[in-house]
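Participant: Just so you know, the protein sequences line up as chains U and S, in that order. The opening residue of the first sequence carries number 1 in the UniProt record's numbering; numbering runs sequentially from there. The opening residue of the second sequence carries number 1 in the UniProt record's numbering; numbering runs sequentially from there.
Treat the hints with caution; some may be incorrect.
[As the list claims (entries may be wrong)] Calculated lysine-lysine pairs in the DSBU-like style (CA-CA distance at most 35 Å, straight line):
1. U:Lys-34 to S:Lys-261
2. U:Lys-59 to S:Lys-261
3. S:Lys-137 to U:Lys-106
4. U:Lys-62 to S:Lys-261
5. S:Lys-261 to U:Lys-142
6. U:Lys-62 to S:Lys-323
7. S:Lys-329 to U:Lys-59
8. U:Lys-42 to S:Lys-323
9. U:Lys-142 to S:Lys-323
Hints were generated in silico from the structure; no laboratory data involved.
Letter by letter, the chains look like this.
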Amino acid sequence: MTDTATTDVTPQPKRLGLLAQFAGPDELIAAAEKVTDAGYQKVEAYSPFAVIGIDEALKAKKTQLPWLVFCMGLTGCLVGITMQCYMNGVEGSWWLSGYDYLISGKPSFSIPAFIPVTFELTILLSAFGAFFGMLAFNQLPKLFNPLLRSDRFAEVTTDGFFLLVDAKDGKYAEAETEAFLTSVGATAVETVDEVVTGYALPAGIHLVGASVATAALLVPLYLWMTSSTTTSLPRITLFKDMENQAKYKAQRPSTLFADGRAARPPIDGTVARGSGKDDVELYYGVKPESNLVGAFGGGDLQFASFNGDGPVKATLVAEGDEADSAAEPAEAAADAAPAEMEEKDWVTEFPKSLKISSQLMDRGQQRFNIHCAACHGLTGAGDGLVTQRALGLQQGTWVQPTSLHAEAVVTQPVGRIFNTITNGIRKMPGYKEHITPEDRWAIVLYLQALQRSQNASADDLPADKRRELSTLK
Amino acid sequence: MASLVNADITEIRQASAGLAGAGFLPGALGAALLGGAAAIGFAMGSWEQFVHAYLLAVMYVTSLGVGGLFFVLAHHLTGGRWGTTVRRLAEITAGTLAVSFAMYLLILVLGVLAGSDALYPWVNPDMFVGDQIMESKRPYLDPTWFTIRSCVYYVIWIAMAWTMLGLSTRQDSSEPTKRARAMQWYAGPMMPIFALSLNFASFDWMMTLEPHWFSTMFGVYFFAGSFEGFLAWLILLCVVLQGRGVLTQSVTTEHYHDLAKLMFAFVVFWGYIAFSQYMLIWYAAIPEETLWYDIRQHGVWPFWGLALAAGHLLVPFLGFMSKAVRRNKQLMLFWACWMLAMHWIDLAYVILPQVRAEGSVAVTIVLGLIATAGALGVFLWAWMSGAAGKWLLPVQDPRLPIALSYHNH
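Just chain S, with the same shape it has in the complex (with noise of 0.2 Å):
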């Protein structure tokens, strides 16, 4: 087959310098939604409802951002060289951690630290009274500790982003190989790092909704819904850009068979996870355990779970197991969106069910899809303006060439 590397280039390689303002409409749009979202809890009196389904928002969001990072660090980790062509495109979604963290100082500023016990119930002081498992929990969920915490998660987070990304945009224009060589370094010590904070970012974020219950397992299975998400969301990227002519001869088949496949391996590795992490609460069936799947066995939430054990690992596992749907572009775009839905549907089973306040559940859900349609709106915006004015591949990356005449076997 004909090798990509030197035939004339026909595709658009670099953004235009207004993306940045074109991303202005969605991301009017994605606050403004947050903003409808908040007034119509407010106004219905489902505040708590709003609260976890804004946290629904920003995890969704968040969750792709550390999935790109992932991406990133993986690859320059294990010097991949067929990702060279999607490699930028996971930089920039990297980057837009910075916005998630803005949303997420919202919930730090004007619940934790503001004393509202709407979302963590244990900011309210009377919780740790007379219960021996919470007395011993207090010094840790301390709101002070907490915030600090979720900032620090943060901040190593868009440290390694923007270093990842600096660097990457610096190797466009001089010493290449230089700026390949340290990434690589970099990648290293990041990874563990990496893997620490998210896990406790998780634990911290999502775990403590149920302050009694706790799960080793947790960590990791926030992280393969993410990587899962942020994969789906490559794919789906890479298509909506080749429709505008971006990245048409770059992208090739064999990049999207190579996402498809990591995608497939993720889906089975998160359906492996969210396994074992009930089956050993299950088999056990020890109290302070079990309560988290109790209360997950009540009203919608049964069919919520069996709909995500289908939807998330049974139907997608027999949907693109086949290598003619892997490298079929319109059907794995299809994939990824269903993808993208079936993460958002469990992050929801891990948050949503936590509303204490009395209420229809269907208010939540509503407001779960406002909230997060509008953080994608925001999300959206951030990333235009992240890639405005930059190459969408690393152009002068020594591995490229390779990349761009890969063929899978």
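Here chain U stands alone, though its shape is the one from the complex (with noise of 0.2 Å):
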């Protein structure tokens, strides 16, 4: 760069080529023979259409469009087969291990499992494949061309056939080439400009620039960093979807009542969900005498109320299933109650209540066979077969259940166990959400059955069954 034409740079444009105009396609098509013929490479035609013979006219190269996508839908196969032998089928202690899990019985290694996944991988990137392998090929997308700088250029679009030749290609002279070109029947030849490239931005524009960029960046990193920091402060959001709403919250004031609460009292003759178990020992297999009744259920509690009528009397529930906020002091207690029970509180019959039958036999067995043999196993042994498996992964982590023919668990009175089933004990989680009271004491029942089969003697079979039995041999 010289010192004294620092404005003054304005490069020379490069001739890109001459573009020549047709009448139609067919003349596009002779004329395109003819150019190539004549030993010209670098020829590109352009058209409103795809005309049908312009690849062979060209002498245009075979695309190697089916290549790329063939590798890429063999890398796909490849690619999805591997990932799920080894997710599934390779399972060790290191990083990043597969995890060799049982699905449906199936063998790790299943070839038909995987092959959705490895059908889907192939089309998706052969379809990727072959979408951006057209584009890249074709150069696309490019912002600008300039051929759409010459005006004739505009009927492409329309009706225009044009055949452009390359300034690159070892043949071309222009002269000569725009009279060749005329010569094979072009109705206008033109020649064409590259984009003139190369004008300097003044230094300062980099600045500003630069700046703008980074004020940019300001105020996402500011709410990034609010985002994921802590304080005391409210939190800065930009859109406040669902935090503000019109509601109230807990002990505030509201104009609308005439005592001036917003938080409404139950009205008179509220019963509360979950209320009502009166009978004890089928809802909590305690003795109706125990004197912790009242902390499971059906005890009364006042709150106090402002509504002019003395203190209203509810009935709290012990139980956690519906615990709402004015029932988490009773709970708290029914949480502390089973440590405290005295072993003489828990009922040793089952409840009056209750049927005891061979349909409930046959329940308890189903029930304890769906809910409970998972983990206890078939037996009640303590082997089921998620604790086999816990086992088996040595996770540390996995208390293995008492075996339900231990010495501690046959001598438990019955509303002991009941309750264990409902509340749950160590790792193990209550069931009282998923099986109902007599589903409970159904479960009960089989259990002493199962218990009984693992403490039996000869002596308990009837008297003529013994006798089969000692002539067997």
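Assemble the dimeric complex from its two separately framed chains, guided by the hints.
Facilitator: Put into structure tokens, the structure is as follows:
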């Protein structure tokens, strides 16, 4: 760069080539054939629609796109099958190990199960290869084409047919090529230049641009920071979504009601959900005379009321299932209760309201096998499939269920076993949400039969059966 | 490229009336082979093997006919143009269904109605006793009702095929545009009737070989194989006819390319359907569904199934995936023969393992080959006498010029 011409550096445009227009598709094909026959190699055709035979006339090289698509498809196929084999079939203690998970009893390596995903991945990658490969081979997206600056070239979208002979072609010689194009039937020939580049931006613009770009980052960065740090100030959010709602919060005044309170006391005669479990033997497995009955429900609690009618009585729900804010104190008491329970408080007989029958026993067996056997095992020995799997993984957090035939369990009163099913113990969760009280008792009944089966002797058999047994060899 | 529309015609476009006579030789040879297979089966005490082989043979030629019918219907329904040059060949192929019907009638009369359970076990009323699944199917699997249904399927197809063939041949002499519209109009209502009847036909004829078993996909499975088999037959037919100077100008590389593309699509579709049927049953693992595949997990059949997966899907998938192969007449002749063989292997996999009698599987397979060769001879006679004296090109069809100057992009 010379020191005198700092602003006068207009670069000379480079010649792109010669653009020749033709009357129609047949003329275009004929001309393209003659031009390529004459030895020109860098020739491109432009037309408003796909002209059949133009590829052959231009002697265009066969596209490599099918090979790209094939390779992409093959990649998808191999990636799909390898990924699944690794993920489902190879498990170890290393980082990013696969997870050998048993699904529907199928083998870890099972080709039929892998085929759908493999198939989809093959299709996906083939489609990507075809679509993006086509764009890439066509050098698309192209934001600007120098030909667009030719006024005549605008006709290419309606009825213009053009050939472009590239200036980089070895045989290109402007005057001769122009004459040749006219001789093969071009109705008009013009020269086209490359887009001129090389104008330098004033140095200050860079600084301004960098400043604006940096400033533009500040707001998103600040929002990002506030969303990932803790602060006692209210959160800053762009869109308020559901944060501000038109509603009263607890203990707030309201002018709508005469007593000035937004929170309304329950109206007289309201029965809380889950209340009415007066049969404490059936619902809680404790004796009615137990002094801890109140802790399990049925007890009344008073709370303040300002509606002028005096204190309102409300039955509280001890079970956590319908807990609302008012029931929390009683729930805490219920949680603490079993630990303090005296053994004598549990019922030792089945509740009187429960009809003991062989149907109940069958029901109990069915429920046990559904809900309990997965961990406890079908015999209750504490060797269910889940337990076996957990112990096999050696995760260390699994507590093996106590054998239901252990002395400590066998001697438990039925009420306590019922309570364990209801509220859980140690790692075992409570099942009151899943199993009705009657079914829980049915399980207790079946459990007794199970325990009996493991502690039976020949003397328990009827006399005739015992005789039969003694004659067996 | 030069258009063929105004070129001098050097090809043969009309079949000679003597073709029916020339077809007598393969027909007689085919009938002899069928009779021979029956005699072998009877003499060797392999009657049950023979009837299964015979069903296979009849199903094979029937499938080519229904494939042809579908081609004609789909072509009219979609307003297709490229296929106009080979449409008449497809119409004549669909016309052979009448002969397939005659061959299937033997099964109905001598087997189902005569009370022989050599082929369909449910013909024996003892099969239903004490079997809950069979009990519920009893009204459907009634021999008389089955016979009526089977006849209805064939009659529907033959009526459709002859309607199309009749309109098409009348188009050659008068009112071509009106006839073209009429064919297009008929194709609409015919298509759903065709789809339903083909579904139930394949349920009845092949699924009831194992009466406990059911697969809702079975009809589509049979259809996919049939159409693919027909396309292979059409390519083979074109090459053979062109070797005798017939339609040498009209059926161009472009048409071979299109037929090959369509056949390729149906190779993939067949694989998709066959695998879907297998995978759903494999995954659910319900005994009354898996029993069909369980039979095919014993003896020679697992290898047969693997050969099918490879030969009917994987090998041809890679084999004529390339455009260069599809545009090569000689290579496509090879692949057409390959697919016709694989279509036979496919139908044999469906039918032959259902033989309950003790005995060598090789006998069943050999009988199946002889019977199929025989049925193909009869089919060939049916085709030749169907073509005799007819134009092999719908010469007056308004879409023919477009079909002749058609190019793939």
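Participant: Decide, hint by hint, whether the structure agrees.
Facilitator: Taking the hints in turn, this is what the structure says about them:
1. Between Lys-34 of chain U and Lys-261 of chain S the alpha-carbon distance is near 34 Å, which keeps this suggested pair within the 35 Å criterion.
2. Among the hinted pairs, Lys-59 of chain U with Lys-261 of chain S is consistent with the structure: their alpha-carbon atoms are about 25 Å apart, no more than 35 Å.
3. Distance restraint check for Lys-137 of chain S and Lys-106 of chain U: the Cα-Cα separation of roughly 32 Å lies within the 35 Å cut-off, and the hinted pair is therefore satisfied.
4. The hinted pair formed by Lys-62 of chain U and Lys-261 of chain S meets the criterion: a straight-line CA distance of about 19 Å does not exceed 35 Å.
5. Simply put, Lys-261 of chain S and Lys-142 of chain U have alpha-carbon atoms about 33 Å apart, close enough for the 35 Å limit, and the pair holds.
6. In summary, the hint linking Lys-62 of chain U to Lys-323 of chain S is supported, as the alpha carbons are separated by about 12 Å, within the 35 Å threshold.
7. A C-alpha spacing of about 24 Å is found between Lys-329 of chain S and Lys-59 of chain U, which places the hinted pair at or below 35 Å, so the restraint holds.
8. At roughly 26 Å between alpha-carbon atoms, Lys-42 of chain U and Lys-323 of chain S fall within 35 Å of each other, so this suggested pair holds.
9. Proximity of Lys-142 of chain U to Lys-323 of chain S is assessed by CA-CA distance (about 30 Å); at most 35 Å being required, the pair is judged to hold.
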